[in-house]
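**Student:** For reference, the chains in residue letters:
2 protein chains.
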Amino acid sequence: MVRMNVLWIFAHPEGRSLSGALRDEGLRALSELGHQARVSDLYAMRWNPVVEAADFGHDPAERLVVSAASQRAHTAGELSEDIRAEQEKIAWADALIVQFPLWWYGMPAILKGWFDRVFVKGFAYGVTDPSGRTLRYGDGRLAGKRAMVLLTAGAREPSLGPRGINGQVDQLLFPLQHGTLWYSGASVLPPLVVPGADRVSAEEFRAHAGRLRERLASLPTAEPLPFRRQNGGDYDEDLVLRPHLAPGRTGLAVHYAPGT
Amino acid sequence: MVRMNVLWIFAHPEGRSLSGALRDEGLRALSELGHQARVSDLYAMRWNPVVEAADFGHDPAERLVVSAASQRAHTAGELSEDIRAEQEKIAWADALIVQFPLWWYGMPAILKGWFDRVFVKGFAYGVTDPSGRTLRYGDGRLAGKRAMVLLTAGAREPSLGPRGINGQVDQLLFPLQHGTLWYSGASVLPPLVVPGADRVSAEEFRAHAGRLRERLASLPTAEPLPFRRQNGGDYDEDLVLRPHLAPGRTGLAVHYAPGT
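Line by line, the protein sequences give chains C and X. In terms of the UniProt record's numbering, the first sequence is numbered consecutively and its last residue is 260. In terms of the UniProt record's numbering, the second sequence is numbered consecutively and its last residue is 260.
By construction, these hints were calculated from the structure, which means they are not laboratory data. Glycine is no exception: its CB is placed at the ideal position from the N, C-alpha and C atoms. Take these hints with a grain of salt, some might be off.
[Claimed, not checked] Which chain X residues face chain C? A few, computed with CB under 7 Å, are given here:
#1 Met4
#2 Pro158
#3 Gly179
With the sequences and hints as input, model every part of the structure.
**Tutor:** Right, dumping it as C-alpha cells:
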C-alpha cells in the first residue's frame, strides 16, 4: 500500500459549509487510507494573498520587478516566513488537493494569491536543468507530485458542461490545472466537481462524499489528465503545437494528447 | 463626439513599470479625447481582496453563506464602505478598463478580489427583471457599459496564440471577459495584449502606446466580442447551447456567435 503525504489547501470562508463537510470527510478518508495529511486552511490562517515588495525583503524605494526580486529572495532564503512555510509543505507533500468554491469562474482571491506568492521564480517557474533547459509543463519543482482540484460550484451541471453557458469546466480550470500545476511539473488528476452546491440534499451529500472517498482511494494510481509535455517534442521552438498534432484545431483542448 | 466616463482599474504593484507607463499614456489619451477618467489603483489603495463576514456586517458567530449575506447587505446599503465606493464608480462609468499583468494565467489576487468583493449578489449576479427573469450574460447591472482588458504578459506572442503552449489568450481570459464582465451585462471589447512585457524596447513601447491610443479612440464605437446572450434564444432551459448552433463542437469557443 502506498502511503502519501497530502497537502490539503482549503479556501472557503466558512468551515460550517458543504465545503467544510467535504474537507472533513476527505481528511477522514485519507487517514483511513494510511496517508498523512496537512491542511492549509487559508481563511483560518488569515493568509495574505497580495504580492508586495515586503515578501522579498525588497527596498520599496527601488523599482520592484517581481520575477527578479522573488528569485533573488528565494535563492537567498529571504522570502517571507509565511511563504517559506508553504513551500516547505509542498516539498513535504506527494499530493496536493486544491479545494475551493468557484467564484466568478475562478479561484477566490485568497487562493489565487497563495499561488501568486508561493509559486515564485526559482521555485515554480524559471527553473532550469544543469544544461540550461527550461523545466516546465510536465517538468519542474513539482515533478513526481500529484494534484487534484476539488471544486464546488453554485451552477448546475449542464451549464458547466461541454456546451454549457458558463463554459466547459475543465477549460475554466485550464489556468490552474495546466498553467500552474502542470506548468510546475505536477501530474494533475481529473477534478472532482460538485455542481449545484448551494442546494445539496443529505442524500446528494452522501453521494458526493462517496465519490470523494473513491477519488482519494485512487489518488496514488489514477491516470492524470493527458496534458502535453513542453519537452516532449510536441511543440516547436516558439512553443506552438506542431502542425501534424490536432491538425487544424485551435483553443485549449489541443494541449490534451488524445487517446490516452 | 461621444464623451465617456471611464473607470481604469489598475492592478500592478509597481507604478514605475511598463504597466504604469501604459496606464499613464492611456489616461493622457482619454483626457485628450475629452473623456473623464477615474482610477482604481488597487495596490496604491491597499485594496483588501479577501471576502469576509465583515464585508456584510455579518455576525461571525452565525454561519456565513456569502451569496445570501452579500445580497442582504447590498439591499440594506450595509456593504463595507470600500465596496460601496467601487460600486459607485462602476455606476458612474460608461466604460471599464481592466489592466493587469498575467500572473499564473490569470488576474493578480488583488484584482480577482476586487471582483469577488465588489460584484456581490444583487449587484452583479442574482439580478432579475420585474417578471423574475434572470439578467445575465448580456443583460444585467453593467448593460450599456463597455469593458476592455489591457493585459501585459511575460510570455511571447506565439505561446499565447491559438495553438501556443500557454493557451489561447482569449480563452485564458474567458472567466473574466465572459464569466464576469459579459455575465454582468457589459459589452466586452477585444483585449489589448502586450506580450513579451519583461523585455520591451523603447521602440516597441511606442508601438504599444500607439495601439493603446487607437483602442481608446475607438472605445465608444468598436465592435464588442460576439458572446451569445443568455436570453437571446441560443441556449435551452438547462443553459446548454442548442444543437443546431456550432453543431458538434464543444469548449469555450462555442459561446462566440460566428460571422459577426
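**Student:** Each hint needs a verdict: does it hold in this structure or not?
**Tutor:** Verification of the hints:
no. : hint   : verdict
1   : Met4   : 25 Å, violated
2   : Pro158 : 4 Å, holds
3   : Gly179 : 3 Å, holds
Figure legend: structure checked against the earlier numbered hints; the only hint not met is number 1.
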